[in-house]
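Undergrad: As a plain string of letters, each chain reads:
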Amino acid sequence: MIDEVVAYVDKNAAAIMQALWQHIEISLIAILITIVIAIPLAIGLVNRPKIGEIISQIAGVIQTIPSLAVLGILIPFVGIGTVPAIIALVLYAIMPIFQNTYAGLTHIDPVLLEAADALGVTKRFKLFRIELPLAMPMILSGIRIATVLVIGTATLAALIGGGGLGTYILLGIQTNNNAALIVGAVLSAILALVASWLIKVLSQFSFKKLGIGVLVVLILGGAGLGWSLFNKPSQTITIAGKMGGEPEILINMYKDLVKQESLQTKVQLKPNFGGTSFLFKALQSDQIDVYPEFTGTVLQSLVHSPKKVNSEPQLAYRDAKNALSQKFHMRYLKPMAYQNGYAITVRQSTAKKYHLRTIADLQRVGSQLTGAFDPDFYQQSDGYPGLRKAYHFQLKSVRTMEPSLRYVALADGRVDVTDAYTTDPQIREYHLVVLKDSKQFFPPYQGAPLMTDQFAKTHPQVVRALSRLAGKITTRDMQEMNYQVTVKHRSAAAVAKQYLQQHHLLK
Amino acid sequence: MIEFTNVTKKFDGQFALKDLNLTIDDGELFVLVGPSGSGKTTLLKTINRLVVPTSGTVKIDGEDVADSHLQKLRRHIGYVLQTGALFPNMTVEQNATIQLDNLGWPAQKKHDRVVELMSKVNLDPDQFLNRMPDELSGGEAQRVGIVRALAARPKLVLMDEPFSALDPVSRRQLQKIILNLHQQIDTTIVFVTHDMHEAFLLADRLAVIHNGVLLQEGEPDYLMANPADEFVKRFFDVDNSGTRLLKQVLNAGLGRPVGKDDQAITLQNSQTVYEWAGLLEKNPSQLILVDGAILTQSDLISYVADLGKEPTND
Chain A
263 MIDEVVAYVD
273 KNAAAIMQAL
283 WQHIEISLIA
293 ILITIVIAIP
303 LAIGLVNRPK
313 IGEIISQIAG
323 VIQTIPSLAV
333 LGILIPFVGI
343 GTVPAIIALV
353 LYAIMPIFQN
363 TYAGLTHIDP
373 VLLEAADALG
383 VTKRFKLFRI
393 ELPLAMPMIL
403 SGIRIATVLV
413 IGTATLAALI
423 GGGGLGTYIL
433 LGIQTNNNAA
443 LIVGAVLSAI
453 LALVASWLIK
463 VLSQFSFKKL
473 GIGVLVVLIL
483 GGAGLGWSLF
493 NKPSQTITIA
503 GKMGGEPEIL
513 INMYKDLVKQ
523 ESLQTKVQLK
533 PNFGGTSFLF
543 KALQSDQIDV
553 YPEFTGTVLQ
563 SLVHSPKKVN
573 SEPQLAYRDA
583 KNALSQKFHM
593 RYLKPMAYQN
603 GYAITVRQST
613 AKKYHLRTIA
623 DLQRVGSQLT
633 GAFDPDFYQQ
643 SDGYPGLRKA
653 YHFQLKSVRT
663 MEPSLRYVAL
673 ADGRVDVTDA
683 YTTDPQIREY
693 HLVVLKDSKQ
703 FFPPYQGAPL
713 MTDQFAKTHP
723 QVVRALSRLA
733 GKITTRDMQE
743 MNYQVTVKHR
753 SAAAVAKQYL
763 QQHHLLK
Chain B
12 MIEFTNVTKK
22 FDGQFALKDL
32 NLTIDDGELF
42 VLVGPSGSGK
52 TTLLKTINRL
62 VVPTSGTVKI
72 DGEDVADSHL
82 QKLRRHIGYV
92 LQTGALFPNM
102 TVEQNATIQL
112 DNLGWPAQKK
122 HDRVVELMSK
132 VNLDPDQFLN
142 RMPDELSGGE
152 AQRVGIVRAL
162 AARPKLVLMD
172 EPFSALDPVS
182 RRQLQKIILN
192 LHQQIDTTIV
202 FVTHDMHEAF
212 LLADRLAVIH
222 NGVLLQEGEP
232 DYLMANPADE
242 FVKRFFDVDN
252 SGTRLLKQVL
262 NAGLGRPVGK
272 DDQAITLQNS
282 QTVYEWAGLL
292 EKNPSQLILV
302 DGAILTQSDL
312 ISYVADLGKE
322 PTND
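If you read the protein sequences in the order shown, they are chains A and B.
Each residue of the first sequence is one higher than the one before, starting from 263 at the first, in our numbering.
Each residue of the second sequence is one higher than the one before, starting from 12 at the first, in our numbering.
Simulated from the structure, these hints should not be mistaken for lab results.
Among the clues, some could well be false.
[Said to hold, decoys possible] Short, incomplete list of chain B residues facing chain A, as computed with Cβ under 10 Å:
no.: 1; residue: Gly-89
no.: 2; residue: His-122
no.: 3; residue: Arg-124
no.: 4; residue: Val-126
no.: 5; residue: Val-180
[As the list claims (entries may be wrong)] Negatives, chain B to chain A, calculated, CB over 10 Å:
no.: 6; residue: Asp-23
no.: 7; residue: Gln-82
no.: 8; residue: Arg-86
no.: 9; residue: Ala-96
no.: 10; residue: Pro-99
no.: 11; residue: Asp-112
no.: 12; residue: Gly-229
no.: 13; residue: Ser-309
C-beta: ideal position from N, C-alpha, C; glycine also.
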């Protein structure tokens, strides 16, 4: 296990460092914004205990809302990426900082406040030289609690494309890559501990020095932000991909092809950016410019067409393309050859023993076989229930299992039949047999680049470049590349480049 | 001059001060004395408007404090609290210069002033200026509190039971310091205490307050000799106070009626046996007149001789 993690870190060091830095950046910005909001708010409400109580209650309620829900609520208003992640984090962090500041200020020895009043000090003197310094230990402990909270919660930023260490946790869960999971989780835990320790050290310094320190960080941060905004290359296009190795391979190919077509176009990649609806919203709001999407997904999840998905891949693509164009003014380029749809797999030995070639063959021997399916597949009408009706078969027993576990269970012989995605590398890894869907029950899932009409019009060079992949990459090619990336842990960029070169798509 | 006119203060419908009239003259060390809860601290705080009277006026040098700029008013009034009330986040010097900071004094002038006052309260500036309050004893902290109150050369200093939390030795030292300082500087001091001995020791004049009412005011010896009522008498605990009054000599059955040729005089100041003895020291045959009776040298001798026989409650 440790070897795996070390190897993983070794291979992805640069990307991990970037994620770590991104994590620190998001957390720091969130904490600074929270400090700027929560502390003045508490100061303003010290002499208005009723309103102070109400704000405390509201801040408390916000904290009880699951962070995922807050992110979901925010997407329509502020879109995706770093901004909503920071807003959500700020909402979370306000409570501890506000409450501690408020409590710190309201629990100062009244004798000292009377002394300050009796000596006729100015309001400013009283606040900055007496009240805040005396409340500082409480305020700092609030900031410490908030920081630890924010660093932990910031892992969720990955869900909405905010990046950070959460990317590795998410990636680890989705691809059953424990090394990635451990890297993400351990690093964020270490970061929280270090930050907590750092604040403890900082609390030794005087109020004045701390104030100057915060100011310097704010100014540097602001300058850095301004600089990066100012220096943003004008012709940058952003290509994003869903979670996992396959989309990452594809967007790396997109990048190589675009760069070949037009050298001055800068391409920014956002791998492991999120789920379908999330990426689609990002595309609509111009936060990203291109992402690869499947025809089946378009028809079933995005355009919600009332008629049944056409089982003929070309027709399905045509339907998807038209619907996207009419409903969303989007351009859906021609798909690649491979299909990444549902499939039913068995072990080679099982296939031999029962002479299994198509799903229809299960009618014969199904009652002797046990099945394990992904929970979604087990429930959806276009999954197991529909399949069983279409092919009239019955299995001895069926249970649900995590997607990544079901392959292991199948390979170990604990179950005999599972669902699969046709390009999953495990099919190759465990030498599994995919049963033919002779009745074309499963809708076609062909991948193709999706972008807005507007973008396609203004970036013809990108359209030209990405069209080169149309009809390329067979299911077997994709399986092989996925195997290289998710099982062999080769970098997606290298695998993508190798394919493009071998197939003369890249000079 | 501080003038209280018909000052009344109610807290939650309860009288803390009831229609109180009092004048404190410039340069006086004036003591407000009374049992705890009597309203003496409340009265003190009406001077710098930490307490706003329900009705009545408080004037300093003819100006109603209600009409003055609050912070300016307070910056020119020294204030010493019961516990010193030094700010724990500031050094001794920072604490001592708070009013000077707010008055905008230049740094060197502030430093010199604090150094000067530190030596007056017997604290070595080199040793103490950079200490934090938690490194001070109670007595040291209160000395810094006094330095803080005097730093801005106020015409008026308010002291709210400043020595009540100290041990007897420190208390006596600080009482001496206050008396010395008061002699050296031309400042009015209003001093609140519940300790009758302290009141007698310090006061130029004092006022006895009980249940928000001013019972009696005047010089200590006068009050001792002529308590206005039973409460004042009991509060001063005249019989056991250690102070021996001429009246007590009469009460002991000594003295004789005034004769025709008696050349008697009346004591002017304290009406105590000590003053009497001092007089007899210079002129052994001097007769004195107390409440229509004549006391002679032999009366004093008999009185002091009898004191040794009876049990005392001191």
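Undergrad: Hint by hint, note whether the structure agrees.
TA: Evaluation of the provided hints:
1. Gly-89: Hint on B/Gly-89: holds, closest Cβ of chain A at ~9 Å, below 10 Å.
2. His-122: Violated, about 18 Å.
3. Arg-124: violated (15 Å)
4. Val-126: Since chain A brings no Cβ nearer than about 20 Å to B/Val-126, farther than 10 Å, the hint is violated.
5. Val-180: violated (24 Å)
6. Asp-23: Answer for B/Asp-23: holds, closest chain A Cβ roughly 18 Å.
7. Gln-82: violated (4 Å)
8. Arg-86: violated (4 Å)
9. Ala-96: violated (4 Å)
10. Pro-99: violated (7 Å)
11. Asp-112: With a cut-off of 10 Å, B/Asp-112 comes too close to chain A, as the shortest Cβ separation is near 7 Å.
12. Gly-229: It holds; B/Gly-229 is separated from chain A by about 28 Å at its closest Cβ, greater than 10 Å.
13. Ser-309: B/Ser-309 clear of chain A: closest Cβ-Cβ about 56 Å, beyond 10 Å.
Violated hints for the displayed structure, listed by number in ascending order: 2, 3, 4, 5, 7, 8, 9, 10, 11.
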